[in-house]
Structure formats: C-alpha cells, structure tokens
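Visitor: Given only the sequences and the hints, what does the whole structure look like? Please build it.
One letter stands for each residue in the lines below.
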Amino acid sequence: MDAALIPKGVKRCPMWQFLLALGVVGAVLAWGVYAMLLCWIKGLNQTNMNDYYGFALWIWADLAVIAVGGGAFFTGFLRYVIGKNELKNIINYAVLIGFICYSSALLILAIDVGQPLRNWFIFWHANIHSMLTEVAFCLSCYFGVLCIEYIPLILENRQIDKVPFFHNLSHNLHETMALFAATGAFLSFFHQGSLGGVAGVMFGRPFAFREHILVWPYTFFLFTWSAAAYGPCFTLLVTWITEKITRKKLVKDNVIELLAKISGWMILSYIIVKGIDTSYWANITAKSMGLSLHDFYGRNWFYGYWMLFTELVICGVVPAVILITSHGRKTAWLRVTAITLGVVGVCLNRWVMVLQIMATPVMTFDKFVLYYPSWQEVATTILPVAYGIILILISYRYLPIFPQEAELNPIDTNEPVSRETAIDADAGTDSTDTAADMAPA
Amino acid sequence: MKQAQKEHTTKRYGMVIDLDKCTGCGSCMVACMSENNVPFKTDESNKLDSITWMQVYKLTNGKSYPNTEICYLPRPCQHCAGKHEGHSPCVSVCPATATDYSKETGIVSQIYTRCFGCRYCMGACPYHARYFNWWDPVWPEGMEKYLSPDVSPRMRGIVEKCSFCFHRYQLARNKVYLEGRKDLDEDEYQTACTQACPAGAIKFGDLYNPEHEVHRIAQPDMQHGGRPQNPHVFRLLERLGTNTKVYYMSERRWVRKAGDNYLPGEFENPGAVAGSH
Amino acid sequence: MSAVDDKVTDLTQNPADDAGESPHPPSESEETTGGSILLFFILGLAASMVIGWVIFPKLLYSEKKQPINFNHALHVSEVDDECESCHFFREDGSFSGIPKNEQCIDCHEEVNGESEDEAIFVEEYIAKDREVPWLVYSRQPDCVFFSHSAHVNGADMECAECHGHIGESEKSRVYEENRISGYSRDIWGKNIAGFKRNSWDRMKMDDCAECHAEADGHDSSVQTQKDACFVCHK
Amino acid sequence: MDDASIWSQNWAWTPVPADGAVTYENSTCTLCPGGCGITVRKVEGRAVKIEGTKGHPVNDGGICILGLSGLQLLYGPTRVASPLKRIGERGDGKWQKITWDQAISEVSAKLAEVRAAGNSHALGAITGPDRGTVSGLLERFLLVYGSANFVRTPTMMDNFEHVLYLTQGVEATAGFDIENADLVLSFGSGIIEGWGSPVRMFKANARLVENGADVFQIESRLSNTAAKSKHWVPINPGTEADLALGLAHIIIGKGLFDYNFVSTHAHGFEAFKQLVQTRYTPAVVSEKTGVAPGKIEEMAVKFARAAKPLAICGRGKGSAPGGLKEFLAVHMLNALAGSVNRQGGVLQMPPPDYIRWTEPVTDELAAEGLRKGRLDGAGSDQFPSSRHLLNRFIAAAAEDATAAPQVLLVAGANPYYTFPGTQVVKKAFDNIPYIVSFSSYMDETAMNADIILPNHVNLERYEDVPVIAGLSKPVVGLSKPVVAPQLNTRHIGDTIIRIAKAMGGHIAGAFEWDDYQACLEETLSDKWDALSGSCIWVDDAYAPPAPDQAFNTYSSKFEFNAGQTQKALNADNPLPEGNTAEYTLTLIPFDAMRLANGYIGNPPFMTKIVADTVMKRKDGFIEINPVTAGKLGVKQGQRVTLSTPVGEAKVRVNIFEGIKPDIVAIPRGLGHTAYDEYLAGKGVNVNELLGTVEDPASGHDAAWGIRAKLTTA
Amino acid sequence: MLPFSFEWVWDMGHIVFHGGLWYALNIIGLGMTWCIGKAIYDTIKGKGAHDHH
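Quick mapping for you: the protein sequence lines, in order, are chains A, B, C, D and E. With our numbering applied, the first sequence corresponds to residues 1 to 441, in that order. With our numbering applied, the second sequence corresponds to residues 442 to 718, in that order. With our numbering applied, the third sequence corresponds to residues 719 to 952, in that order. With our numbering applied, the fourth sequence corresponds to residues 953 to 1665, in that order. With our numbering applied, the fifth sequence corresponds to residues 1666 to 1718, in that order.
Please note that the accuracy of each hint is not assured.
Subject to a maximum C-alpha distance of 20 Å in a straight line, what follows is the list of computed PhoX-like cross-link-like pairs (lysine-lysine) [what the hints assert, rightly or not]:
1) A/Lys-248 with E/Lys-1710
2) C/Lys-944 with B/Lys-544
3) D/Lys-1570 with B/Lys-504
4) D/Lys-1453 with A/Lys-367
5) E/Lys-1703 with A/Lys-162
6) A/Lys-42 with B/Lys-482
7) A/Lys-367 with B/Lys-698
8) B/Lys-586 with D/Lys-994
9) B/Lys-504 with A/Lys-367
10) A/Lys-367 with D/Lys-1587
11) B/Lys-616 with D/Lys-1037
12) B/Lys-698 with A/Lys-287
13) B/Lys-482 with D/Lys-1570
14) B/Lys-499 with D/Lys-1568
15) E/Lys-1710 with A/Lys-162
16) C/Lys-944 with C/Lys-783
17) D/Lys-1568 with B/Lys-482
Hint data in this document are derived by calculation from the structure and do not stem from the laboratory.
Guide: The structure is reproduced here in structure tokens:
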C-alpha cells in the first residue's frame, strides 16, 4: 500500500501490523497526553510534588533523556570532528534518538513549570548567572541543531527526494553537516554541563554542592563526561532492541564494537574522575559543612549506601571493564549487559542528583521525606517514550536510517513470517521500546 | 527623575529571635498569613504543600521521658546574603530574575508576576522557606473582603516566600518622603510577626545600625559575614556560608547546636570547626 | 525598548506573511516574473501596514466612555492648590488618587451650571451616594507598587511628567482598554509601534526603568545593577 | 507580546484587593475571656487586619492566633446569615430563613405560652463565662419571667472565687501578679496554653524568662508550658492536691512558712498543720503522685525560700473548673508563703460591679416560678456557696424529661460540643422541646436548636468586657463595632429587649431601654467616655487590701480551717470513671495553643497551623509514651481504637517522649460536626469520650480524665 | 536576551554568555541560509532532478 514510500532495497512488515503497533503505542501516548492536559489545565497539584520535592520525577526524566540522548552529540562529534568514519553507519540512528530525547526533554520542561504560558521569560528575562538559563538556551539551540541533522534524513525519503529542491537541500546539508555537528557538540557540551551545574551550584544543599573550576562546579564536567560516556550505550541499546524486534542485523559489528569500545574507555575515565570527586566531596566539601557521608547515605533505607555502590561499581566499573576488553564487547550478551548497566547507571546518577538532593535534609531538625509520583507524573513521563517509539516506527519504515541494512539483509530470501510472536511482543510490553511491526514481513 | 537622589541609606534588615521566649503559639505564622494574603485550603494537614512563610519548627533534645526538652524555632525567609553580598542560594539560581537581592535593604524579593514556576529556588534553599502555589488561591465567598491591597494575591504555579513585610517598609517610606525626613525610625518599619509576637521574642531592625535592638543583641561582625559575636546567638546553617539575616538566641547549648551540622566533637571544640572562622 | 522592537516585528512582519504569502505558497514550479514579485511585495507591505496601524489597534483595544465627562481645566481654575487640591497626600504618606464623592460634595451638593454631566453626577451619584466608577487611565497592574510620595515629595517631580497635560483637558478622553491585558492604552502607549515623544506617552516598566536608571543611587539590585525589583513591585 | 505577558500575569480569578484610605480602629477582643485590646486596620471600610493594641494594659501590642483570625470569623462561611427556623429533624441542618419580626414573635409567643401554663421555672438559659451586660440582660429576663435557671458556663475562676470566699470571706475574683513573682509553682496551669488571659500570660512568661524566675510546671504531659519552664515535674494526673499538701507538710515541718502572716493574720493553722503532718508525709505523697521525695523537698524548700513565690492551678486554659480540694490546697501554699495580696502573689480583686440596674418589679407568676428554685441545686444547702453548676443542670435535664426545661436559651456557649460527656447533653437536649440559639456561628448547639436568632460577631457589636481572667488590676474593656453588620444579624441585647417588649407587662417593664446601646451607655455611664474612646478602663489605683483589713471571715483572719475547707481538704481525690482491670490506661484531655476549644471553633488560619502529629487529613492523634506504645505494640501513625467507659473513637498514634507512660492524651478542640468544611469532621471530640465527676464540696465537675484502653483491631 | 532588555548589564558575564550564544546561533543560521540558498541555486540550475548519488 505504502510501498512507494519505503526505502529501496529493504523490506517492511505489512501495513496492518504497522498500524496495529502504532495504535497500541498511540493509546499509551493518548494516556500521556491526557495526563499532560490535566497538568496544564488543573495545575501541578495533579502531581505528588511538594515544597520539599520541587524537582521530582520529571526533572529526573528530563536529565536522564538528555544524558542518554548524549549519544547523538558524542557520536556526531566522533564522526564529524574526530573523523571516525565507520560511525556514519550508526549516526543516523543516533541523531534520531537524540532528536527524540531532546524534544521529549523540552516537552517535559513545558509541563513541569508552574506557569507554562510564561515559559519564554527564561529567554526574555534571562538571568545569565543561573545554570538553568544556560540549560534553556543551549538546550533549545542544540535542539535546533538536531532538527537540522534530522531534516536530511527526512529528505532522503524516496518520494521527497524526487523533488529537486529537497534533494539539493539534503545534499548541501550533508556537506555542511560537520559544521553543524561541531556547533552541536559545542552547545551540547555546555548544556550537558550546565545541567550538572544546576545541582552543583546549590551551595545551600551540601549533597549537591561541588567546588568550582572557573565558574563551573565539578558536576558541570562530570555531567558532560557521563553523557558522552553513557550516551552511546543508549544508542547501542536501542539499536540492539531494534535489531531484536526486526530480526535483522542493521549495523555491522565493527561499528557497534568501535562505539562500545569508545564508550567503555569513556566510562572508565569518568568513573575514576567521579570516584575522585565523590571522595573529595565526602571528605573535604561535606565535612567543612559538618556533614559526613553517613548523613547522606546512612539515614534512609531508600537513599542508602546501596545506591552509591550501584551507581559507581555495578553500573560504572562493571560496564567499563566489560567494554574495554575485546572479549567483553565481542560477546553479545556481555556487551548488552554492559550497555544496559551503563544506561541504568547514568539514569541512577541523574536520579541521585535530582531526588536525593531534595530528600536529604540540611537543617538538623528537618526530616528525610520520600516521594511517590502520581499517575499523572508517570503517564507524562511515559508519554515521551511512546512518542519516541512512534517516531522510530515511522522513521524506520520510511527513511533509510541504517545505511547497511540493505547490504546485510538482501530481500530476495523468502523467509517465513512469524506474526504471532510479533504481536505477542507487541501486547506484552507497554513502556519499553517495542516495535513489533519491524518484524520482517 | 529630576533630582539625583544621593541618599545612601544602606541597611541590612534582620531579625533576632529569642528561642527561650518563643512559646510556639503560632501568632507569628497567623499574623504573617493575615498580613500577606496567604491563602488556605480545606485540608492543610499535609505540611509539605501548605504555605506558611513563617514556619515554627518543633525541636526536641532527643532524650527520653522525663528528660525530654522542646524548643520552638520560628523560621521566616532567612534573607541570605551569601558569601558575597547578593549571592543568596535562591537569587543566584533563578533563571528569570524573578527573585532579587536588594543592596539597599538586604532583602530578598520575589516577584510573583515574573516567576514562571520552575522551582529551582526551592531546591536551592536549605531552609524550605520558599513555597509553591500548587493550587489557585480560593477564598470562601465573601472572605476576599479582608485581603490587603498592599500585597498582591498570588496565582497558581508560582513561588512565594516571606518578604520581611517589605510593603510596610514602602508605606513607611511614603510618610518619610511626605514629611521630608531622611530616614525611618526603628519602630516605623516592623514586620507583622514581630509586631504580633505576644512573648516579644522577635526583634527586627537594621543590623548595620548600632542603635537598633537587633544589632545590640546579635552584635553582628560585618567584617566576617555578619557572624554573631554574642555567644548565645547563632544562625541557621552558618557553615554553608548562606550568611543569613535571621539570628537566633538561646541559653541552651543543645538548641544552639541544633542550628547547624557538626561532626562529632566539633561543637564542643569550636576552634576546630573548619571554615567557620 | 526590546519589547518595542519585538512588537514591530509582530505587527508588521507577521501580517505580511499571513496576508501576502500564505494564500500563494511559493512553489518551485510556479513561473513568476520579477515585476509580479515586486508588485506582490508592495501590495503585501501595504496590506500589512493597514492591518498593523489601523485594524490591529481596533481589534486590540475596546473603547469605553467615562461615566461622566470631567473638565479638568475648569476645576483647576476654581481651586487654589492645583492638582493637589483634589489629588492629595494622606497623612500616612499614601496618595488619595481620584477623589471620592466625599470631596466633591461640598461644591456639588446641588447641580451647578448647565452641564448635562454635572446633572448626571449630582443626581446619579451624589444624591444616591454612589461612587463614580471612573476608568483610570494610569491604572497599573496589581503587582506594581507605585509611591506618589517618593516621586512627588522625594524626587520633586511634577504631575505632568507622568500624567501629561491632563490638567488642561476640558473633556474626558475615550478610555481604550486592551482586550488581552485589560489595561488602559495609556500604559502601553498611544503609538502602536511603541515610539514615544513625551515622557507621559507611555507608562510601561521600561519607561519607569529608563528614568530610574538615570538617577544616581538606583543600583540596589545585584541582578540588574538597577533598582531592585521590590522598589516597584509587590 | 507585552499584552500577552501581562495577560499571563493577571488571571481574572486571582482577586485584586481594592486600595484606599487606611484607618485604624480600636476595640476589645471578645473571642476569649482574656480581654485583649485590638486595633483593626481598615481599607475603605473593609477590615483587612487585626493587630494587638500597642500600650494596652492587657496585651500591649501582642495578639494570639484566635484574635488574629477574627476576620475569618467575620467574613467567613461559618456565620448564620439571618434568623433561621428548623424545618427538618434536629441536627439535619434544614432551615428556613425567617424575618426578625417573625423570629421575635415566635419566640415570645412560645415563652408566653410556657409562662401562662404556670411553668415559668421551666425556662433555662446557658451563657458563656462572661459577666457583662449581655449575660446580665439575659439573667434579668429570666428573673422577671420567673426562672432561677440561669446557668453560666463555669471556669476555674468559679473555684478561685469559692476558695477566696472560704479562706478570706470575700466575694472576690482572683488576680495573679505573675510578672513580679520570682518562683511559680504551676499545678498544670497552661501558662502559655491560654490560661486566663492568653496574651497577658505570654508576656508574663517572657518576663519570667527575663527575670530568671524558677518555674515548676507540674503535669503529666510535656505541654508547651512545661517545655518553656525551667523545671518540668511529671506527676500522676489528679494528684495535684496531694502534692500541694505534701509541700505544705515539708514547709511547715521545716518551719519555712511566713511566720508573720500565719501567726498574725491566719486562723485555724494548727488544724491544718495536723492534717498535713499526719496524712501528707513525703513518702505517702511520693507514692501517690509519682514525684520523687527529693524532688518534693527541693520544690518545697525553693518555694518557701523564694522572695515572691506564687502557686497557681487550674488545668490547661482553665476553662474547666476542676476539684475544689486542689484549689484550696494550692491556695494554702500561697498563704504559707505569705503570698496573699502582695506583690507577686494572689490578689483578691473586686468583682465587676458596674451593673446597677433598678430592681425589676415582678408579678406573681414570676415569684411562683422563682420559688421553684434552681435545677442545678447551686446555692442550695448542699452547695451553699456555688452559683452556677452547668454539669448538674445538664445531668438533671437529661435524667428526667419532666424536670427538664421546656425552653432553653443558649448564648455565647456551645455545650453540645464543649461539655464533657456529650452523650448526656444529647439526652438533655432530647428532653428539652424548644431550644433557642443566639449564636453568630453555625456551631453544634445552634445546629441542634429549633430556632437561631444570630448575634452580631464581635467586630460588629458593642459589648462591655469585664476582664476577670486573673489580671492584677480591675479592667473593663469595650468591644466596639468596627465594621457595619455584614449579614442580617442583630445584637443579642437588642433581641432580648425586643422579646421582652413583645411579651409586655412586667417583663417589658424591666427593659425600658430603647435598645442595647442605650442600656450599655447608661450602665457604663461613668466609664462610657473613657471606654468609647480608648475601649479600655483600668483601675490603676487599685491595690488589694492589706492582710489586717482584707479578710472578712468570722475571725477576720485568713481561715486555714473553715468548715467547708475542712470538708474539702479531707475529701478523697476525684477518681476517673472506669475500672482499672479493663481499662489499663488513663485518658487526659489537654488544651493545645493552636486549637480553640470553647464556644468558638478554630478559624481556618488556626487549623492550618495545627501540627500533622495532632491532625492528619480527617484523623486525630493521641499521644502516648514510647514505652506504652511498645507494650501495646503500636507504631507511629498507626490507626487504633480508643475506648472509654463512655464511648470510643478511631484515632492515630503519635508517639511522644514527653508524656508519662500509661497516659493517653488528646487535645480539646477537634472533632467538630458543625462549623465549616475547614473544621468539621476533623479529628475526635474528646468530650465524647469523657464523663463528669461531681465535686462533693462544690458540685462542679471535677473530672480530669477517664480510664481508657487501646485496641488495634 | 538583547542589551535593550531590563535585565541586561554591561559586564563580562553577559558579554561572554551572549557572545557564545550568538556565535552559535550565527553559525547555525548562516549554515542553514547557505544550504537553502545553495539548494535554490542548484535547483534553478536544474541540477539534481533525478541525479542520485
């Protein structure tokens, strides 16, 4: 039916499968949209946030998607600035994932503020000393860059490409892409950092506060670094999931392994620096304020030492070690374990840097408060996931995302279809990336 | 303006609260709400979303019956100056310049119509002095009549906090201008909580002015970030460098200790406290 | 100033886009000559000018009449103390603003003169003890704190510096209310493009700020190095 | 763009308060008996803020949370907007609006009917503790109508008066010069919980702190007062009298008493000495009270050696009278220390005596009714020196439908909620066919009345406020209308005068005033000028008489051992209801400073600042010691059932170190069923779990608690 | 934010921050303009109608 739109040389599932998947994910999306409207119309009383938890699930989700979306800028940086050409085979997908992550982040921010109609004040009345201002400016600009990077992909659709203007535009964009990628890397460097800075400058919150280098607290660099390190893990993870669902090899192993290796070394270096930072903070910064590690991690079961251990060791040292060894990254299950742990690790880091800061009391007579998100918060947090899946579904179906797909999956082989499994997978999962329709038809 | 106004009347308004006199009655809280048009809901028992610019904390010495002791600690906005004047935890982080530090009075302002509700300032404030309007303020029919025109009622979705009743300063200035005087008297500008406190536990005035009660009691050392020189006076979380303008006084050691975080042994041996001198 | 620039963009460019371009989306295949492009451009500009300068203000502002026509000139000639005769300071330093019936009643207990407005005033308001619902040209939003005392007593300013020559007016102007914000056009400024010639043409935040920035000692904000927010806001 | 921004900054539903000229008006707060001066800030006629009057002799600028919240009562939703007549069942809340003429003619017709049937004694009236012209008018109305059943809500002051009458032979109220004392022994008095005149006591407490005075707070719970005192002495509840007499034992034994006072100005000391020496040895007292013998001795010695010691009692806010024995025992301590009528001591104060209306002419019907006497037995042989016994009045009405009043007027009181043992009130109400409420607010009593004739609230009306709340100078305040009446209400004084006039005859004849204001001006004639200006009249020159002139007993001396004193001191302590086998715990109600628990319920601001360990959503909390909690196996915040012999309630547990083990404490002031959505249905009304215990000497309710148990099911 | 805005202060912070920002925006803007311009030019030149690379 839509054969004319599907890229040449590849095969896609039947239309009904595609629509069914869209429908299912679309229902989740609608649920999220409903919750979002509730928040806009009735206000933030729909959430379980409170005066102790001014930042909660959303800001975590925001920081987390931006961190995992960091794969886009870092892969772009490696491909266009450093010149790792193999990565051109995965850059499209990285850009798409980045685009989804950043648009989601902006959407979440738009729900999160108390007076959404005054959002533009942050630009118009900006206080440049605020890390959040830097976040807003760089985030929006970098989102613009991602749009520019995504446009040529859209233009490569078979039908659009037939229009000469679009064809030319796409061609020219490709030619100048290095410039955009470099600018994007610059912007992303700053906003990833300033997201870290958001926490690090809060000198009233010893859990968050980090000493300064120039105007930036350590967390500035740690955030950029961790996004660069763990972002590619997410790109790899989503690629792996896509491959599993489509049952196709989409990217060659050497590409995957190269990215995994770089990520591994980045994680290792990050974890070392993070370890130094943590011990400096615990032993010097916090102690100068009369606090010890125990005050932060020893007074509440949820925000206990286990969290610190998981973040640094299980989700830091372990994936780093797996990915830097050739055996580790070449063994599929080890590699997948490592990138999964990596993604969990960076999300956990962002969780700690948002929620534990809010939870940890500073005044001696204050209390440790826990918070549970309301369904509206959960729904609006799942909303971007659903939106992301839909965008991937459409993009994968109609755009040549994986340059190596045709080569790796010649279409004259006539394999049987296992639709049942596809549908099962579809119905069984709700929030994680499901793209059953990608199963070969 | 026609004439350049060269009156440098720099002040640092601040408070001293005598915790031994404070009874925890809550008059300061209610006086504040009624002065500043603070709204109320049908259920205010969730203290995590209940707006009380002035909040009275109940401290205990942690000992068991019958050696338990209780102290009440009223906490308005501390109007931090930070390490360098104006570097308050909240002011420096607000992305939209909705909160500001006045070099003339030392008061941290909050402009409700500028705030768009990002809540970064709330995260940055270790005193929980900032409150978010989770709901639209609603007064029962007819009760809007008691709203004061001196303070704008706030709308849903923005942050508010204690202003040291700044409108009272403004209104007092009106009179000073009219009468062609230069300066305010100590009693011309007092906050609603100070005025209402039945125990007389709250004193308010200019910390710079040696004639003002607050200066006499707290003896702030302005060379060292306003650190109190009176040994019975302390500030909340002094060690963070927030440099607050609300001083507390108590004869009881455990109360003074509760004002800040100390590693074991530090409070007993103040010389060892890093960064406090 | 920045707000003004932005407004210009809003008013002139956007309508041009709407009026001119959207009905005829530029298409690569369309054959166009240079002349027609130019004509198109000129027509579009003209249309946008009309929209921006004439239609838009009409849409934006609703016109309201004051309940009674007030002759300032006449009153000023009757009283001794100019503006302050009626718009005075109270003892506590606050400013009384527009007079209440209480102040008018001394002279207006009975209908004076021939004026129809006078008759309405006395019969409808004074006699019935109702206050006149004046529309205040200079009414600022609720978040604004304005001290007349600081300006008139403290800085020796003249009323006219902000209010213009209203004291010489013989009739009450039409009150134009902004349909979006609900405030008077005097606040936003008569000139739709935002230019002002006289200090009293406009009463926006930037106008206040302009003057405040010029005076010495007005740098109490650590954020802006100008006057702190609380000076004018509540 | 600017427009959009201004639009997004000015939501139409956010109110914009109108500006205007600011004026201040002074008045006197009548929300509690404290008599504070208030200054109301007004903007163009709207009252926007209540502040304490600077320089006022009672509160000097300070103000309590109830006074501060007065505007929420004035403009709030709890008010009764017009006269209402019940149309549904009692308590259903179905009302019909009627006009004032209808209301007055209906009530006067009902009263005429009862009277014509020869049942004039069957008219009862319950008022608050106030002693000004409003309750005076009501009392006068009953008198000419022909009923002796005028009942004032008793407070601790009734007992103090009783004590002064017995020991000093005077009809006087008690004043306490706390500010000048250097040691205060407080037997459970909530000095800062609202005892007497709250704001004055806050200030006095601050003075005590400044002066470094020793304050011993003797009670089983670490109340705010205990927390602010130098010494907290936990005691078994209900044994305060024993402790006081035990202290007397030591003071006398060590010869530390004021020899001059005792030998020159007192009589009956030997008998008293014998009583305490034999029955109140430290060992016995320590056993009973749970206070260590060493502590008892320390207190006794410190008290006796202090220059200006003062002992006070009256639990919590002092709104419940308590047992006479305790009051007598405490007063004896003051006498032993010579702290009677001297600086820093207990002062005998002249009762308000400015109401000097002409004796009304009564008719035969009235005389007949008056001869039938009082339902509560006050002034009878059994309780010769008691004047108003609300507990006995209610019990009598509940017990026997034929004896119960046929018409009950309720003004300035809310017995349906505040009386301990609410079930008894319900029964009594069932026996009373016609109940008239004068309440300004839809309180529980009004809710269960048949007709409501709403009074103006305090900011709308004139009223004289004779302050009898323990001040050390005679003070009369004047409450003035600060704003015009907001609703279709009428001053209760006017309503009474109108009803009287509608009834004609001698009744009308006794109310010759045109209206209440005329009555008030006439009554206060010599003070009116001063009062209408400053709203306060103080007899600064007053000094209590010296010991040689003060006492009006038979011996003209202070009586340690008058007949009734002996009887009271020898009586056993009133025991709480319930057996100890089934009910292993003791429930005590307590007064919390952030809960109004009298006639007026909490306004929203007050409820807003109630701690979440006292009330969470709709649940009320009980306080228990961690040891008790451990024994019962309950955790913080857990829901449990609290039962007493009288009733049971679902509550949550707050584990609190500052309470004696085996005691359960609940604050008074929650569990309202009436008022507004900001108050109703939250927490538990402790009065529903309590009963009364009649004091054998005074007839007042002397209960201080009740046996209780906790079940987790 | 532009220097006309109320919040603007002529200090290093504002100049560096906005300098960086405008620098990035300019690169993006100019880059895009060039791409679009070149595409229009190429199209007019008749290039690329079915020219697959």
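Visitor: So, for every hint listed, does it hold in this structure?
Guide: Verification of the hints:
For a cut-off of 20 Å, the pair hint linking A/Lys-248 to E/Lys-1710 is broken: about 41 Å separates their Cα positions. Of the pairs offered as hints, the one joining C/Lys-944 and B/Lys-544 holds, with about 10 Å between alpha carbons and a cut-off of 20 Å not exceeded. Straight-line distance between C-alpha atoms of D/Lys-1570 and B/Lys-504 comes to about 31 Å, which puts the hinted pair past the 20 Å bound. A hinted pair counts as satisfied when its Cα atoms are at most 20 Å apart, and D/Lys-1453 with A/Lys-367 does not qualify at roughly 64 Å.
Simply put, E/Lys-1703 and A/Lys-162 have alpha-carbon atoms about 17 Å apart, close enough for the 20 Å limit, and the pair holds. Pair hint A/Lys-42 plus B/Lys-482 holds up; C-alpha atoms about 16 Å apart against a cutoff of 20 Å. With a C-alpha separation of about 17 Å, the suggested pair A/Lys-367 and B/Lys-698 falls inside the 20 Å cut-off, and the hint holds. Proximity of B/Lys-586 to D/Lys-994 is assessed by CA-CA distance (about 10 Å); at most 20 Å being required, the pair is judged to hold.
For the hint pairing B/Lys-504 with A/Lys-367, the CA-to-CA distance comes to about 18 Å; that is within 20 Å, so the pair holds. Simply put, A/Lys-367 and D/Lys-1587 have alpha-carbon atoms about 18 Å apart, close enough for the 20 Å limit, and the pair holds. Distance check on the hinted pair: B/Lys-616 and D/Lys-1037 sit about 52 Å apart at the alpha-carbon level, beyond 20 Å; violated. Simply put, B/Lys-698 and A/Lys-287 have alpha-carbon atoms about 16 Å apart, close enough for the 20 Å limit, and the pair holds.
Straight-line distance between C-alpha atoms of B/Lys-482 and D/Lys-1570 comes to about 14 Å, which keeps the hinted pair within the 20 Å bound. Distance check on the hinted pair: B/Lys-499 and D/Lys-1568 sit about 17 Å apart at the alpha-carbon level, within 20 Å; holds. Between E/Lys-1710 and A/Lys-162 the alpha-carbon distance is near 16 Å, which keeps this suggested pair within the 20 Å criterion. With a CA separation close to 38 Å, the supplied pair C/Lys-944 and C/Lys-783 exceeds the 20 Å bound.
For the suggested pair D/Lys-1568 and B/Lys-482, the alpha carbons sit about 14 Å apart, so the restraint of at most 20 Å is met.
The structure fails to meet hints 1, 3, 4, 11, 16 from the earlier list, while all remaining hints are met.
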